[in-house]
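K.L.:
Quick note, the sequences are listed as chains A and B, same order.
Under the working numbering, the first residue of the first sequence carries the number 1, and numbering increases by one thereafter.
Under the working numbering, the first residue of the second sequence carries the number 1, and numbering increases by one thereafter.
Hints are computed from structural coordinates only; laboratory data are not their basis.
Fair warning: there could be bad hints in the mix.
Stated by the list, open to error - Dumping the calculated SDA-like pairs for lysine to any residue here, alpha-carbon to alpha-carbon at most 25 Å:
hint	chain 1	residue 1	chain 2	residue 2
1	B	123	A	345
2	A	347	A	323
3	A	258	A	173
4	A	136	B	136
5	A	109	B	199
6	B	51	B	85
7	B	123	A	85
8	B	195	B	205
9	A	133	B	202
10	B	127	B	44
11	A	133	B	125
12	B	127	A	92
13	A	74	B	199
14	A	345	A	249
15	A	258	A	207
16	A	54	B	121
17	B	203	A	173
18	A	103	B	202
19	A	103	B	120
20	A	51	B	51
21	A	327	A	280
22	A	103	B	111
23	A	131	A	199
24	A	54	B	107
25	B	127	A	142
26	B	127	A	108
27	A	54	B	202
28	A	133	B	195
29	A	10	B	85
30	A	54	B	199
31	B	202	A	327
32	B	127	A	105
33	A	136	B	199
34	A	128	A	142
35	B	127	A	230
36	A	136	B	85
37	B	127	A	238
Said to hold, decoys possible - Some chain B residues flagged as far from chain A (calculated, every beta-carbon gap over 12 Å):
hint	residue
38	2
39	110
40	147
Heads up, the beta-carbon is just placed ideally off N, CA and C, and yes, glycines get one too.
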Amino acid sequence: MIRFENVVKKYNELDKMAVDNLNLHIKKGEICMLLGPSGCGKTTTMKMINKLIKSTSGNIYIDDKNIDKVDPIKLRLSIGYVIQGTGLFPHMTIGENIAMVPKELGWDKARIDARIDELLELMELDPKVYKDKRPKDLSGGQRQRVGVARALAADPPVMLMDEPFGALDPITRGKLQDEFLRVQEKLGKTIVFVTHDIDEAIKMGDKIAIMKDGKLVQYASPAEILSQPADDFVAELIGGNGAIKMMNLIKCKDVLRKLPSIDIESESILALNLMKEQGVRNIIVKDKNHKVLGYVRYKDAFKNQNAPLANILNEIGETVSPGTTLKEALSLMFSMGRKAIFISKEKGSIDGIITMDDLLKAVNDDDQDEDTLS
Amino acid sequence: MNIIEFFISRWDAILQMTISHFTIVILAMIISIILGVIIGILITNNKQLAKVILNVANILMTIPSLALFSVLIPIMGIGKAPAIAGLVLYTQLPIIRNVYTGIITIDPSIIEAARGMGLSNTKIMFKIKIPLAFPVIMAGLRTATVMGIGIGAIAAYIGAGGLGEYIFQGINRGNDRMIIIGAVMVSLITIIVDKGLGLIQKKYEL
Numbered sequence: 001m002i003r004f005e006n007v008v009k010k011y012n013e014l015d016k017m018a019v020d021n022l023n024l025h026i027k028k029g030e031i032c033m034l035l036g037p038s039g040c041g042k043t044t045t046m047k048m049i050n051k052l053i054k055s056t057s058g059n060i061y062i063d064d065k066n067i068d069k070v071d072p073i074k075l076r077l078s079i080g081y082v083i084q085g086t087g088l089f090p091h092m093t094i095g096e097n098i099a100m101v102p103k104e105l106g107w108d109k110a111r112i113d114a115r116i117d118e119l120l121e122l123m124e125l126d127p128k129v130y131k132d133k134r135p136k137d138l139s140g141g142q143r144q145r146v147g148v149a150r151a152l153a154a155d156p157p158v159m160l161m162d163e164p165f166g167a168l169d170p171i172t173r174g175k176l177q178d179e180f181l182r183v184q185e186k187l188g189k190t191i192v193f194v195t196h197d198i199d200e201a202i203k204m205g206d207k208i209a210i211m212k213d214g215k216l217v218q219y220a221s222p223a224e225i226l227s228q229p230a231d232d233f234v235a236e237l238i239g240g241n242g243a244i245k246m247m248n249l250i251k252c253k254d255v256l257r258k259l260p261s262i263d264i265e266s267e268s269i270l271a272l273n274l275m276k277e278q279g280v281r282n283i284i285v286k287d288k289n290h291k292v293l294g295y296v297r298y299k300d301a302f303k304n305q306n307a308p309l310a311n312i313l314n315e316i317g318e319t320v321s322p323g324t325t326l327k328e329a330l331s332l333m334f335s336m337g338r339k340a341i342f343i344s345k346e347k348g349s350i351d352g353i354i355t356m357d358d359l360l361k362a363v364n365d366d367d368q369d370e371d372t373l374s
Numbered sequence: 001m002n003i004i005e006f007f008i009s010r011w012d013a014i015l016q017m018t019i020s021h022f023t024i025v026i027l028a029m030i031i032s033i034i035l036g037v038i039i040g041i042l043i044t045n046n047k048q049l050a051k052v053i054l055n056v057a058n059i060l061m062t063i064p065s066l067a068l069f070s071v072l073i074p075i076m077g078i079g080k081a082p083a084i085a086g087l088v089l090y091t092q093l094p095i096i097r098n099v100y101t102g103i104i105t106i107d108p109s110i111i112e113a114a115r116g117m118g119l120s121n122t123k124i125m126f127k128i129k130i131p132l133a134f135p136v137i138m139a140g141l142r143t144a145t146v147m148g149i150g151i152g153a154i155a156a157y158i159g160a161g162g163l164g165e166y167i168f169q170g171i172n173r174g175n176d177r178m179i180i181i182g183a184v185m186v187s188l189i190t191i192i193v194d195k196g197l198g199l200i201q202k203k204y205e206l
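Model the full structure from these sequences, guided by the hints.
P.N.:
Okay, here's the thing in structure tokens:
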């Protein structure tokens, strides 16, 4: 979709190269994170795609079309652009901001209006409330949502995002990242995303392109970058907490343990046998209508083999969805003071359980891979 | 005859001079605003040039108005034309300066976003920069117009007519009532115009 071929950028003759012979191929529908310290050339690289910065030599192709041959205005109108601090036009309403590019493209009013509503709904902002507000009346997170909506206005196949969530507080940032991933799942845009935050890169990226001094150091999936850093620079960038970062990548559904279930009327001994059979330490207890009532621990069933299950029933407590990352599951376990957490896709059903041991194992497995490979 | 009776008895002459004063200032301001706004916009593209132009406008404003009008006599003679020219020169600084400052102080991320979205330079100027700078530009126009009305009174010295003439006549004849009426009328126009422009400015403030 987007291809860099031997691209070089020098700001002036004497300077060292801002981008040094870059070759990069970003596939359609992928989020490519450009990651690196300040001055590594990541922003320059991104801005060459919409010709805000002109490359010194080399070629950039979008959909096999050399962008040198495309008029810059036309090119930019066909590429969504989101920047840090949003760059929303303060003298225009939210609706007018979103309408900017469609208007330039000559859409009729009805179509633009419908599109504004659609996008605001997509970004979870009520059009009735927000359409006629000015940017200053919105919170930072809401403004950034509008920034994304504005970039999506004309449904461009390519989006460029320059540290879009950089100026937000960590909680809002996390929320917006999740929301954006959810939107991207529906839309499947090709996205070039500049960041200096390794955690953001790991969370958001299908691929991460790590740059240093204008050169591409490593271009790979987040898991590969974490497990096989190309050199010391990448290893240092990832930092010492590789295991914890890995937890950001692994979803609960990847490691959850399925649990057997049993009717509440059954005897404890039966539950005990089921658990033994399947080698698990917990069992889900359901009523006649298969509604989950709670769970029973192996040790409780062992001690009270003759008691009814209802006497040793424990509450399920808070559950997480299968798509939750291990890191979030872990922090929830800490906050609840529990050693295990149940995974539930929808209310009333339990998909399985993750214990602290499972977490350690999931992360350690990858650590061992790292050892054998390096 | 007290001042109010005097005012009523001379109402026709006063009204005529007020209108003439107003006309001169309005004509001068129209030219000044067009010129100043164009210059102000043009110099936003060139910092070096901006410095030079702003300095020249600054110097123009430091010349005493009486001297500026006098200098124009050998070039343009006397009457309304040199008066208007003098007012235009005199009121350039606040206009150029505010247009320039208003535009260059816009948050660069807004301009960057506009460029990245695919707006041409002309569209960025008219849809983004000028509307955003409008309150500041308007403040400049206000200062310039208020200055123009006041200095317009001095233009009577080179035969432009207007309320200044009434004041000068009052001085020559030792007629306090004429001086006071002339001054009050000038102040009155100034206040009304200033408030009017202030309302427009406020309407577009963000």
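K.L.:
Look at each hint and say if it fits the structure.
P.N.:
Do the hints match the structure? See the list:
Distance check on the hinted pair: residue 123 of chain B and residue 345 of chain A sit about 50 Å apart at the alpha-carbon level, beyond 25 Å; violated. Among the hinted pairs, residue 347 of chain A with residue 323 of chain A is consistent with the structure: their alpha-carbon atoms are about 15 Å apart, no more than 25 Å. With a CA separation close to 33 Å, the supplied pair residue 258 of chain A and residue 173 of chain A exceeds the 25 Å bound. This hinted pair checks out: residue 136 of chain A and residue 136 of chain B have alpha carbons roughly 18 Å apart, not beyond 25 Å.
With a C-alpha separation of about 32 Å, the suggested pair residue 109 of chain A and residue 199 of chain B falls outside the 25 Å cut-off, and the hint is violated. Between residue 51 of chain B and residue 85 of chain B, the direct Cα distance comes to roughly 23 Å. Compliance with the 25 Å bound is thereby established for this hinted pair. Taking the CA atoms of residue 123 of chain B and residue 85 of chain A, the gap is about 22 Å. The hint holds against a cut of 25 Å. A hinted pair counts as satisfied when its Cα atoms are at most 25 Å apart, and residue 195 of chain B with residue 205 of chain B qualifies at roughly 15 Å.
Only pairs whose Cα atoms come within 25 Å are accepted, and residue 133 of chain A paired with residue 202 of chain B is accepted, the gap being roughly 18 Å. Between residue 127 of chain B and residue 44 of chain B the alpha-carbon distance is near 16 Å, which keeps this suggested pair within the 25 Å criterion. Of the supplied pair hints, the one linking residue 133 of chain A and residue 125 of chain B holds, its CA atoms being roughly 23 Å apart against a limit of 25 Å. Of the supplied pair hints, the one linking residue 127 of chain B and residue 92 of chain A holds, its CA atoms being roughly 10 Å apart against a limit of 25 Å.
With a C-alpha separation of about 40 Å, the suggested pair residue 74 of chain A and residue 199 of chain B falls outside the 25 Å cut-off, and the hint is violated. With a C-alpha separation of about 19 Å, the suggested pair residue 345 of chain A and residue 249 of chain A falls inside the 25 Å cut-off, and the hint holds. About 31 Å separates the Cα atoms of residue 258 of chain A and residue 207 of chain A, which puts this hinted pair outside 25 Å; it is violated. For the hint pairing residue 54 of chain A with residue 121 of chain B, the CA-to-CA distance comes to about 17 Å; that is within 25 Å, so the pair holds.
Proximity of residue 203 of chain B to residue 173 of chain A is assessed by CA-CA distance (about 35 Å); at most 25 Å being required, the pair is judged violated. Between residue 103 of chain A and residue 202 of chain B the CA atoms are separated by roughly 28 Å; this puts the pair beyond 25 Å, and the hint is violated. Distance check on the hinted pair: residue 103 of chain A and residue 120 of chain B sit about 13 Å apart at the alpha-carbon level, within 25 Å; holds. With a C-alpha separation of about 31 Å, the suggested pairing of residue 51 of chain A with residue 51 of chain B is violated against the 25 Å cut-off.
A threshold of 25 Å between alpha carbons decides the hint, and for residue 327 of chain A with residue 280 of chain A the separation of about 23 Å falls inside it, so the pair holds. With a CA separation close to 18 Å, the supplied pair residue 103 of chain A and residue 111 of chain B stays within the 25 Å bound. For a cut-off of 25 Å, the pair hint linking residue 131 of chain A to residue 199 of chain A is broken: about 33 Å separates their Cα positions. Distance restraint check for residue 54 of chain A and residue 107 of chain B: the Cα-Cα separation of roughly 23 Å lies within the 25 Å cut-off, and the hinted pair is therefore satisfied.
With a CA separation close to 23 Å, the supplied pair residue 127 of chain B and residue 142 of chain A stays within the 25 Å bound. Under the criterion of a C-alpha separation no larger than 25 Å, the hint pairing residue 127 of chain B with residue 108 of chain A is consistent with the structure, at around 19 Å. A threshold of 25 Å between alpha carbons decides the hint, and for residue 54 of chain A with residue 202 of chain B the separation of about 41 Å lies outside it, so the pair is violated. Only pairs whose Cα atoms come within 25 Å are accepted, and residue 133 of chain A paired with residue 195 of chain B is rejected, the gap being roughly 28 Å.
For a cut-off of 25 Å, the pair hint linking residue 10 of chain A to residue 85 of chain B is broken: about 50 Å separates their Cα positions. Taking the CA atoms of residue 54 of chain A and residue 199 of chain B, the gap is near 45 Å; set against the 25 Å cutoff, the hint is violated. Taken as a hint, the residue 202 of chain B and residue 327 of chain A pair is broken in the structure, with Cα atoms around 52 Å apart against an allowance of 25 Å. Annotation: proposed proximity of residue 127 of chain B to residue 105 of chain A holds, straight-line Cα distance about 15 Å (limit 25 Å).
For the suggested pair residue 136 of chain A and residue 199 of chain B, the alpha carbons sit about 22 Å apart, so the restraint of at most 25 Å is met. Our distance criterion of 25 Å between C-alpha atoms is met by residue 128 of chain A and residue 142 of chain A, whose separation comes to about 15 Å. As the CA atoms of residue 127 of chain B and residue 230 of chain A are separated by approximately 48 Å, the hinted pair breaks the 25 Å bound. Only pairs whose Cα atoms come within 25 Å are accepted, and residue 136 of chain A paired with residue 85 of chain B is rejected, the gap being roughly 43 Å.
Between residue 127 of chain B and residue 238 of chain A the alpha-carbon distance is near 44 Å, which puts this suggested pair outside the 25 Å criterion. The claim that residue 2 of chain B lies off the interface holds: its Cβ sits roughly 53 Å from the closest Cβ of chain A, which is beyond the 12 Å cut-off. For residue 110 of chain B, the non-interface assignment is contradicted: its Cβ lies about 5 Å from the closest Cβ of chain A, within the 12 Å cut-off. Every CB of chain A is more than 12 Å from the CB of residue 147 of chain B (nearest about 28 Å), matching its label as outside the interface.
The structure is inconsistent with the numbered hints 1, 3, 5, 13, 15, 17, 18, 20, 23, 27, 28, 29, 30, 31, 35, 36, 37, 39, although it conforms to all the rest.
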